[in-house]
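This is what each chain is made of:
2 protein chains.
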Amino acid sequence: MNPVNNKRVIIEGVWPEIDGGRFPAKRVTGEKVTVEADIFSDGHDEISAVILYKKAGEKGWREACMKLLVNDKWEGVFTITDLTAYYYTVEAWADPFKTWQKDLKKKLDAGQDVKMDLLVGIGLMEKTIGLASVKDAKRLKEFMDIIKNDKTRSGDKAVPVIFSDDFTSLMFSYPDRSGATRYDKELEVAVDRPKALFSTWYEMFPRSCGSGPGKPGSFKTCKTMLSEIARMGFDVLYLPPIHPVGKKNRKGKNNTVIAQKEDPGSPWAIGSEEGGHKSIDPSLGTIKDFQDFMEEAGKYGIEIAMDIAFQCSPSHPYIKEHPEWFKKCPDGTMQYAENPPKKYEDIVPFNFESDKWKELWEELKSIVLFWIEKGVRIFRVDNPHTKPFNFWEWLIKEIKKDYPDAIFLAEAFTRPKVMHRLAKLGFTQSYTYFTWRNKKYELTGYLEELTRGEGREYLRPNFWPNTPDILPEYLQYGGRSAFLARLILAATLSSNYGVFGPEYELCISNAIAGKEEYLDSEKYEVKNWDWNNPDNLRDIIARVNRIRRENPALQTTWNIKFHDVDNELILFYSKKTEDLSNIILVAVNLDPHHRQSGWVKLPLNEFGLDLGESYLVHDLLSDDKYIWKGESNYIELNPFIVPAHIFCVKNRLRRETDFDYYM
Amino acid sequence: MNPVNNKRVIIEGVWPEIDGGRFPAKRVTGEKVTVEADIFSDGHDEISAVILYKKAGEKGWREACMKLLVNDKWEGVFTITDLTAYYYTVEAWADPFKTWQKDLKKKLDAGQDVKMDLLVGIGLMEKTIGLASVKDAKRLKEFMDIIKNDKTRSGDKAVPVIFSDDFTSLMFSYPDRSGATRYDKELEVAVDRPKALFSTWYEMFPRSCGSGPGKPGSFKTCKTMLSEIARMGFDVLYLPPIHPVGKKNRKGKNNTVIAQKEDPGSPWAIGSEEGGHKSIDPSLGTIKDFQDFMEEAGKYGIEIAMDIAFQCSPSHPYIKEHPEWFKKCPDGTMQYAENPPKKYEDIVPFNFESDKWKELWEELKSIVLFWIEKGVRIFRVDNPHTKPFNFWEWLIKEIKKDYPDAIFLAEAFTRPKVMHRLAKLGFTQSYTYFTWRNKKYELTGYLEELTRGEGREYLRPNFWPNTPDILPEYLQYGGRSAFLARLILAATLSSNYGVFGPEYELCISNAIAGKEEYLDSEKYEVKNWDWNNPDNLRDIIARVNRIRRENPALQTTWNIKFHDVDNELILFYSKKTEDLSNIILVAVNLDPHHRQSGWVKLPLNEFGLDLGESYLVHDLLSDDKYIWKGESNYIELNPFIVPAHIFCVKNRLRRETDFDYYM
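If you're matching them up, the sequences are chains A and B in order. Position one of the first sequence corresponds to residue 1 (this note's numbering), numbered consecutively onward. Position one of the second sequence corresponds to residue 1 (this note's numbering), numbered consecutively onward.
Among the hints, erroneous ones may be present.
Said to hold, decoys possible - With the Cβ distance kept under 10 Å, some of the chain B side facing chain A (calculated, not the full set):
(1) 32
(2) 36
(3) 38
(4) 102
(5) 106
(6) 116
(7) 179
(8) 214
(9) 335
(10) 349
(11) 393
(12) 418
Worth flagging that the hints you see were computed from the coordinates, not collected in a lab. We put the beta carbon where it would ideally sit given N, CA and C, even for glycine.
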């Protein structure tokens with residue numbers, strides 16, 4: 001082993017560092033990166049540490065100071081400004097001047113003779129003068145002369161200079177970093193546009209937007225829905241696959257194996273003689289119609305999210321053109337998808353490990369690029385966990401190289417490690433278990449895990465109370481109040497959320513008995529919704545989404561904090577901006593059947609409020625205002641009206657002492 | 001990015017992996033290494049995984065099976081047999097046969113037609129036959145023929161074969177691992193001899209072992225102590241530095257700055273005109289005397305541990321011979337050690353960063369080698385945290401390359417991260433904060449941290465209730481009972497422990513007021529102890545150490561488990577061997593002033609005991625025996641007799657049904 005005598009400072013435990021640097025941390029432009037590291041040296045030397053960071057393509061490092069927190073843990077921060085990868089590492093060094101200053105102070109405090117120490121300090125100053133600019137060197141010399149001329153035992157004239165801000169900051173400007181330790185990895189931040197962190201999704205089957213019974217919808221008829229979707233405040237409209245639907249083995253209503261003539265089939269059974277993944281179902285329109293629709297949506301501030309489902313119906317053109325991309329049964333027939341004992345006869349999976357896998361992978365990439373060229377930038381990826389991780393990592397890297405604004409939502413309702421891996425390897429957002437978390441301890445535990453666990457650095461949650469595949473039991477049994485509570489929870493716990501509508505706003509709750517499947521699921525039939533049912537939730541959805549748009553505290557997920565309530569059925573939490581200019585408190589009655597009340601407890605100091613003073617909380621849902629005082633305040637939530645408060649905390653209330661004529 | 005289509009299985013979260021593999025995990029020969037990893041694949045395939053491991057120098061890997069625990073976490077175990085480095089990694093693969101078996105079972109359970117599945121299976125068998133030995137291929141073919149000839153819908157004849165142990169284990173013997181994922185790091189285990197994990201230390205100043213007042217001890221007089229040290233059950237005798245003590249700036253009694261003529265000085269102020277780190281203080285004897293002493297100790301099963309204090313007195317020969325290894329003050333005088341405002345005028349530190357650092361480091365290494373050649377293998381290293389980490393890492397690696405049986409105990413009572421770094425870089429054992437942990441929550445919390453935290457893999461604790469520098473307040477105020485309780489805690493919580501004697505067994509508790517320093521500390525004066533004071537603790541120390549020797553459960557630290565007692569002043573814990581052949585329960589009264597009693601609660605199932613049956617607990621300290629029954633049992637501990645029980649759990653008690661003539 002070769003001995004090394006410099007680099008006395010140790011840097012370890014750097015965070016974020018995902019899987020030893022194998023994967024980047026994630027941020028959107030405008031977000032900060034807080035870097036932590038354990039930094040220490042032998043002996044008693046004082047240490048200085050900086051984050052070194054740069055944008056992709058930059059040669060030189062920028063620097064951000066780190067400060068010691070506790071137990072040798074240091075922290076620093078830098079801000080992401082551009083839509084490009086960032087790199088960072090940590091550098092630290094033992095600082096002789098800082099050490100000397102600290103020791104001198106201790107000796108002075110103990111009344112010791114410091115004449116020799118001043119001489120040592122002058123040596124350090126002389127070195128620094130050698131490194132300094134002409135101007136700074138001149139100033140340092142002036143300071144040094146005062147110190148040199150002080151011959152007193154306790155440095156009476158020198159000491160005020162030595163501890164002055166002017167002198168200290170000059171000395172700090174020219175540290176000797178020749179023995180500095182640089183952390184041995186350069187770590188990456190993958191950067192997305194802000195929508196990756198703050199997005200409001202609406203999922204809708206375009207074929208159900210027809211003009212009446214027996215008249216399926218098309219992109220043209222869908223256009224008429226856009227104003228209402230925009231009024232409700234959604235900014236991403238996600239469409240299930242819009243490609244030609246397979247005819248062979250098409251599923252009928254309620255997933256029956258034999259379809260009737262009029263059954264439209266599941267849109268996830270992609271491909272027929274009318275085309276495959278690069279085609280549009282002719283009943284929906286042409287590619288031009290789709291582009292017109294996207295353009296119209298854009299006028300309403302709505303982006304279209306496309307479904308990526310890499311699988312085929314048995315009538316997909318690929319089956320004939322590229323039989324080598326599929327698995328065959330020993331009898332030569334096509335091997336349908338299955339998850340024993342379940343069978344998906346209307347779907348044939350790709351064989352990602354076929355001998356021609358390279359051609360297959362390239363073709364799949366070309367599908368994504370095809371739609372990107374048509375203007376799509378958001379993709380909701382169907383069951384990514386049933387295709388190789390390596391494939392996704394390669395595909396997303398390839399796409400984002402040229403299209404850094406592309407967003408991929410992973411629809412993987414699977415085991416935790418698998419979901420995390422997909423997020424790490426590049427998916428921009430992830431579906432979550434929120435769909436099944438109803439109780440207070442489940443929600444607080446899960447949100448703590450999402451926002452304080454390692455995944456906070458790379459897994460951006462997107463909360464969905466329902467999907468075409470999942471009508472949770474809470475919604476099946478809880479009635480309108482359950483739909484309201486789950487919407488408000490999704491919209492305020494997570495800055496990314498979505499609903500599958502119009503099932504959601506119409507509070508559709510009929511399930512197949514004992515299952516979480518919608519009865520008469522829209523997956524297998526064209527619906528003709530009563531869009532104007534007076535019981536619909538559209539107004540309150542619009543209000544919740546407006547509250548999200550108008551309150552920056554709700555535009556990130558990472559700032560969630562739960563607070564105590566003396567009632568297990570009320571969930572109470574806050575979100576606030578760092579500068580406290582926007583503080584939101586949310587209380588939700590988790591019991592859809594009964595009125596619940598309780599005393600909530602606020603950490604006033606964290607909100608910049610005084611214990612003794614009154615303050616105003618403004619319920620942005622009801623527009624009611626309440627005067628609160630102190631830490632504990634009473635709330636009551638009636639599920640048959642609105643099962644939640646979304647309070648904005650206003651400044652403290654004015655008192656007599658504020659009145660113009662008081663003094 | 002280049003696409004990769006094999007290696008579908010992901011291996012991450014491998015543990016132990018210290019700092020990303022930068023440092024090895026540690027074991028002694030005979031210990032097991034439990035390797036964990038998160039292993040999963042896309043899709044629903046069944047996975048197989050193995051640990052690959054080998055000894056240094058071996059080319060091929062050995063294999064140990066891993067099994068799935070929960071949540072995609074897998075675990076496997078291998079055993080260290082030789083005193084050499086081991087390497088390990090993990091390999092895993094999707095297993096088509098296992099997957100096929102699993103899916104077939106599900107389909108059979110659902111009553112589906114499996115004819116096609118049997119054909120698929122036959123394809124897998126044919127592949128395996130191609131890989132198998134002639135003998136196994138023949139057997140597999142016989143099985144395959146039965147399966148082939150079965151034309152029934154539900155494989156009536158095939159199924160019993162397919163799920164038979166014979167067939168399954170044959171198929172498992174030839175997995176297709178061509179697409180296997182190998183974890184991308186080879187991780188190391190640093191291996192020590194068993195004494196690194198189980199050692200019983202006694203620290204003693206040889207100069208205080210004289211034959212009477214005014215007659216300082218020497219190695220010759222020390223020999224007479226060996227039988228008593230051996231009777232007390234210690235197997236490591238650690239001597240403070242035995243080199244010539246500095247005369248310049250020698251410290252007097254109680255650390256006074258000016259020594260009297262008869263004051264012997266602190267042995268850590270090493271070096272005088274009589275020699276330095278490679279010499280023996282002439283008043284103790286010659287190198288030959290030292291070797292004789294070591295040899296004599298060996299006869300009693302006692303190893304001598306030498307103190308390594310890399311610092312000099314101002315009269316050390318190095319000061320003149322190698323002034324370049326030391327720092328000078330601006331006035332040209334030698335710079336003494338200090339930790340402002342404290343000054344250590346009798347000590348001059350080495351300058352590890354001097355221009356001649358390489359020569360210095362080599363010289364320091366030569367000191368260790370000098371004593372190794374004289375027969376020393378255990379070193380207690382003084383204040384390693386005030387010398388560069390790089391130096392220690394280099395030194396210990398260099399020494400252990402040729403002397404893998406060398407043991408280095410780090411005397412670093414400093415911040416947690418620093419102590420952990422020293423352990424990681426190579427120190428065999430570490431002093432701990434045990435010295436200051438007295439309360440139940442402190443002891444349980446600290447032991448949980450030591451044995452369940454990451455340090456469990458690399459930091460071997462050595463518990464010391466006192467040292468020449470530390471007489472903790474608990475011992476100052478708690479009397480004889482406190483000494484007994486702390487000894488028993490150290491000896492049973494940690495498999496490595498030591499005491500500084502005869503201060504310990506004589507219950508010396510006079511401190512400098514308000515400090516943890518011994519009053520009239522042995523560091524600065526020759527003592528003449530009343531070895532035979534009738535109040536001494538020698539008999540009980542001997543008993544405790546005999547219990548340690550006779551009970552393998554106490555010979556490791558990693559098996560500690562705390563159990564409930566309904567009294568905050570009683571600590572109750574167990575240690576057991578894996579095969580349950582030795583189960584030890586320890587209850588300690590932490591209150592040195594009052595009798596304490598309580599109900600202890602035992603997890604009987606973990607001990608292989610039945611809830612309903614009686615069992616015997618034998619107190620190895622008092623030799624009393626108690627019949628216990630069920631989970632809760634009563635104990636009472638009188639600090640004025642012995643403040644602890646060390647129970648050995650015996651088999652369940654015999655009952656009438658066990659009696660010969662009962663049936």
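Status of the hints after comparison with the structure:
Hint status for residue 32 (chain B): violated, given a least beta-carbon distance of 25 Å to chain A, over 10 Å. The interface hint given for residue 36 (chain B) is broken, as the beta carbon of that residue sits about 13 Å from the closest beta carbon of chain A, more than 10 Å. A cut of 10 Å between beta carbons decides the hint on residue 38 (chain B): the least distance to chain A is about 5 Å, and the hint holds. Annotation: interface hint on residue 102 (chain B) holds; nearest CB of chain A at approximately 8 Å, less than 10 Å.
A least Cβ separation of about 4 Å between residue 106 (chain B) and chain A falls short of the 10 Å threshold, and the interface hint therefore holds. Against a cut-off of 10 Å between C-beta atoms, the interface hint on residue 116 (chain B) holds, since the closest Cβ of chain A lies about 6 Å away. Annotation: interface hint on residue 179 (chain B) holds; nearest CB of chain A at approximately 8 Å, less than 10 Å. Interface restraint check for residue 214 (chain B): the shortest CB-CB distance to chain A comes to about 38 Å, outside 10 Å, so the restraint is violated.
Restraint check, residue 335 (chain B) versus chain A: the minimum CB separation of about 9 Å is within 10 Å; hint holds. Below 10 Å, beta-carbon pairs count as interface contacts, and residue 349 (chain B) has one with chain A at about 9 Å; its hint therefore holds. Residue-level restraint check for residue 393 (chain B) holds (minimum Cβ-Cβ distance to chain A is 8 Å; threshold 10 Å). Evaluation of the residue 418 (chain B) hint against chain A yields a held restraint, the C-beta minimum of about 6 Å falling below 10 Å.
Comparing the model with each earlier hint shows violations of hints 1, 2 and 8; every other hint is respected.
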